[in-house]
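J.: Sequence:
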Amino acid sequence: MKRPTSFDIAALAGVSQATVSRALSGAASVSEAVRQRVFDAAAQLNYTVDINARKLRSKKINTIAVLVSEDLDHSDNRINPFFLPLIGSILDYANAKGVDVLMSLQKADADWGADYGFSRRADGIIFLGYRDFESYLRKVAVLAKVGEPWVVFGPVMPETPNLFIGSQNAEGAHEAVAHLIKLGRKRIVFLGEASEAHSEFFERYKGYQRAHAEAGLTPDPRLAIDCFISREEGAAAIDRLLDEGVAFDAVFAVTDLLAIGAIQSLQKRGLNVPKDVSVMGFDDLWACTCINPTLSTVRQDTTTAARVLVDTLAALIDNEPVEMTRIPTQLVIRESCGGQKTS
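So for the sequence shown, our numbering puts the first residue at 212; every next one is plus one.
Read the hints as simulated data drawn from the structure, not as lab findings. One or more hints might be untrue.
As the list claims (entries may be wrong) - Here are the computed lysine-lysine pairs in the DSS-like style, where the Cα-Cα straight-line distance is at most 30 Å:
hint, residue 1, residue 2
1, LYS417, LYS308
2, LYS397, LYS417
3, LYS271, LYS318
4, LYS393, LYS479
5, LYS271, LYS308
6, LYS397, LYS479
7, LYS486, LYS397
8, LYS393, LYS318
9, LYS417, LYS393
As the list claims (entries may be wrong) - Label pairs and their calculated CB-CB ranges:
hint, residue 1, residue 2, range
10, LEU394, LEU313, 41 to 49 Å
11, LEU313, GLY481, 47 to 55 Å
12, LEU428, GLY309, 49 to 57 Å
13, GLU425, GLU455, 48 to 56 Å
14, GLU455, GLU534, 41 to 49 Å
15, THR515, ARG398, 32 to 40 Å
16, MET314, LYS486, 55 to 63 Å
17, GLU534, ALA307, 41 to 49 Å
18, GLY395, GLY309, 50 to 58 Å
Here a beta-carbon is modelled for each residue, glycine too, at the ideal position from N, C-alpha and C.
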């Protein structure tokens, strides 16, 4: 069968081919009555937009790239599990907007900045994850030189605030730690890298500090443990504290994986969670409700984040102004902190 064209729609709807093009592109100059007539004719003919033709006319390829960097060292799983629901939401929302998504896992030593910047495999790029942030910024700088539109989820950089989308990290951490303090916990471990090299975690550390200051407490510096994302590192950090005899009654971890590792270590050492030690995570992974006790955490809104990322990138591709967006978090109280459940 011959593929129907916009001329076929025009003949069936009784309008010009130019009117069909304007109606299908959503032009405001077309009345609703005419637009509906065109849509009805298109549906009757089983017409679909010729994406390839549209790309040629617009000089766009109607594709965005989502580049995920290696965050973990496991040979069978190198992606931070927090990104999995975010990726799913990006795919879903982009599909609803008629945009194709090219997914790629980026090795730490890959020169993906130059690769994507010069190859034009996508109209723009969404970056997820980073381990070595200084190296990451050098690669991103290549994209700025070639004019490739890009946005990042996670860190928020004041130098280029319009290109970074992130959660309210400090606010979420502050609310979580303040809740632990209200439960009577005064010696709260901080698990995560509290340095500017990992700005998301550093923001959560600031929230941790602010909650203490507001309660008139001074955190013991021995309770701030540098570790990065994984369950194994969380367990090892708690083991070290217990071996050294450092007293603590709560744990705030900057990721759920760290918090899960902390719970496992505490239980192996004969401590009860939450009776002896309250534990709080950050992210709200699906695994939070699959462990015993279920994990209290700070939820990041991946659905909203996906929409903001895709819409911000679309605006950058069209040379429209954009601004940095901070996405609200939500405190989710379950069994691991000993407080009243909220979900």
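J.: None of the hints should be skipped; say for each whether it holds.
T.: Evaluated hints:
1. LYS417 with LYS308: Judged against 30 Å, a Cα distance of about 38 Å means the pair is violated.
2. LYS397 with LYS417: 17 Å, holds
3. LYS271 with LYS318: 27 Å, holds
4. LYS393 with LYS479: 27 Å, holds
5. LYS271 with LYS308: Roughly 15 Å separates the two Cα atoms, so the pair holds.
6. LYS397 with LYS479: Roughly 23 Å between the alpha carbons, so the hint for LYS397 and LYS479 holds.
7. LYS486 with LYS397: Given that 30 Å is the threshold and the Cα spacing comes to 14 Å, the pair holds.
8. LYS393 with LYS318: 43 Å, violated
9. LYS417 with LYS393: 18 Å, holds
10. LEU394 with LEU313: 41 to 49 Å: 46 Å, holds
11. LEU313 with GLY481: 47 to 55 Å: 50 Å, holds
12. LEU428 with GLY309: 49 to 57 Å: 53 Å, holds
13. GLU425 with GLU455: 48 to 56 Å: 28 Å, violated
14. GLU455 with GLU534: 41 to 49 Å: 46 Å, holds
15. THR515 with ARG398: 32 to 40 Å: 35 Å, holds
16. MET314 with LYS486: 55 to 63 Å: Cβ of MET314 to Cβ of LYS486: about 44 Å, so the range 55 to 63 Å is violated.
17. GLU534 with ALA307: 41 to 49 Å: 23 Å, violated
18. GLY395 with GLY309: 50 to 58 Å: 53 Å, holds
In the structure shown, a violation is registered for the earlier hints numbered 1, 8, 13, 16, 17, in ascending order.
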